[in-house]
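Trainee: From first to last, the protein sequence lines stand for chains A and B. Residues in the first sequence are numbered consecutively from 1, following the working numbering. Residues in the second sequence are numbered consecutively from 1, following the working numbering.
Simulated from the structure, these hints should not be mistaken for laboratory data. Treat the hints with caution; some may be incorrect.
Distance condition first, Cα-Cα at most 20 Å in a straight line; then the derived EDC-like pairs of lysine to aspartate or glutamate [to be verified]: (1) Lys88(A) x Glu127(B); (2) Lys73(B) x Glu154(A); (3) Lys73(B) x Asp29(A); (4) Lys119(B) x Glu133(B); (5) Lys58(B) x Asp58(A); (6) Lys58(B) x Asp63(A); (7) Lys119(B) x Asp58(A).
What follows is a set of in silico ranges between Cβ atoms, one per label pair, in the way DEER data are often shown [what the hints assert, rightly or not]: (8) Glu19(A) x Lys3(B): 12 to 22 Å; (9) Gly47(A) x Glu57(B): 33 to 43 Å; (10) Asp16(B) x Glu272(A): 51 to 61 Å; (11) Glu57(B) x Leu245(A): 41 to 51 Å.
From the derived model, a few chain B residues whose C-beta atoms are all more than 12 Å from chain A [as the list claims (entries may be wrong)]: (12) Gly12; (13) Thr13; (14) Lys83; (15) Gln91; (16) Gln101; (17) Glu133; (18) Lys144; (19) Arg151; (20) Glu154.
Where is the CB? At the ideal position from N, CA and C, for every residue including glycine.
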Amino acid sequence: MSSRVLPVFDLLLPSNLEEAVGLLSQHGDQAAVMAGGTDLLVGMKVGMSPAFILSLADIQGLDYVAFDAKHGLRIGAMATLSQVVDSKVVNDKYHALWYSAFTNGTPQTRNAGTVVGNILRASPAGDCCCAALAHGGSVLLQGPAGKREVDLDEFWLDYRKTARKPDEVAVELKLKAPEHGYGSGFAALTRSYQDLAKINAAARVIMDGKVCRKVRLAMGAVAPITLRLKEAEKVLTGQEVTDQLLEQMAAAVRKEVKPIDDVRSTAEYRREVAGVLAKRVVQDAIKSVAGPCPYSCFMGA
Amino acid sequence: MKKRSISLTVNGTVHDLEVPVHRTLLQVLREDLDQVETKYGCGTGECGACTVLVDGEKAILGCLTLAASMDGKSITTVAGLEKDGQLHPVQEAFIEEHAIQCGYCTPGMVCKSVSILAKNPKPSEEEIRHNLEGNICRCTGYVKIVQAVQRASERI
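If we strip away everything but chain A, and leave its shape as in the complex, we get (with noise of 0.2 Å):
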């Protein structure tokens, strides 16, 4: 049919998380964990050969999307992109989140690709990477030794490189309870809907009125990991945010990027872009403070 076919691997298909660890305990250095599958099997199709796939496919009960105001949102290992864009308190609460996975892709791929697969994909480019890492939050890992939460600041430690040890699962992603006064915003530059991020941002704020309380504002495809930008938070943190403050924060983003040239676009670009992209987002998160999600306007499609 074509060359683009995959290698021979043996495939591990676990039907709970205790056997699924087992399995990464003999093979975890040789095993590539497996959840939708959308990206793993292309990188398969174009040069990668795991001796193992564990697949989590027939683990049942981790395809959930579940919300509690006092311990905020939990997204299962298997819940889908479609899963996130159908959930309305997604929408609701976590905007960024919400628009990252709506514009993640194609509808096929995120039928079966998952939020947590693209967290644990570790590219820099990653949407769901920024939203998350803007509302803050936490990665739930199984190992041999039980369950650890890792802290999604610490998460990414280099380009594709996670926290997660090759006998861990990762099962869940928390993301924090939104407080009085929460909004976000994501926003993506691509060449056409389907392509990765040649930058994205997303921020997260917490208003009073008109000043910033809190900030969390996170970049991609600027750095081998997705950023934070706390040089640029602490310009916004506790200041009425006027075009003037903006500018500073545009400016503070600027110098703290590290982007580098390749395909998608080139350094120079994406350093200017990137404080323009930084106060979209910002300005979008305050939006949806006071009302309705910035991206409402595309439900139901």
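Please arrange chain B on chain A, whose structure you already have, making use of the hints.
Mentor: Showing chain B alone in chain A's frame:
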């Protein structure tokens, strides 16, 4: 495991198969079951030519699905949309609107259109276009395809 025994229903017919785990659903459909109506385009999940429906009306990509993970599932290809000799309203609308030129994208395009209307029977043009983003057509320029989905939506 290197092979897995699966029971796969395709357009209403149950097949008991032993599939090598590295074979995709698309390979099994086309090469093992001789159901070549579903097309191979890019092989990497970008063009949508291999779109089929799983368990009713959820559109997935045959080229990025391991056949071994499809045990117990029911697949509908474009050839399974016809009922009692009657084409599906989406198929009829594609013909009436001349939404087909070379026809290579059509099986995937029709399957995806069926899934759009199953979820939202009256989509706006913007919603149709957003939901057809994963299906590439190099002939038509999409206008007639969008019109076909709109025409079908009036009949569903």
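Trainee: Where does the structure disagree with the numbered hints, that is, which hint numbers, in rising order?
Mentor: 2, 3, 7, 17
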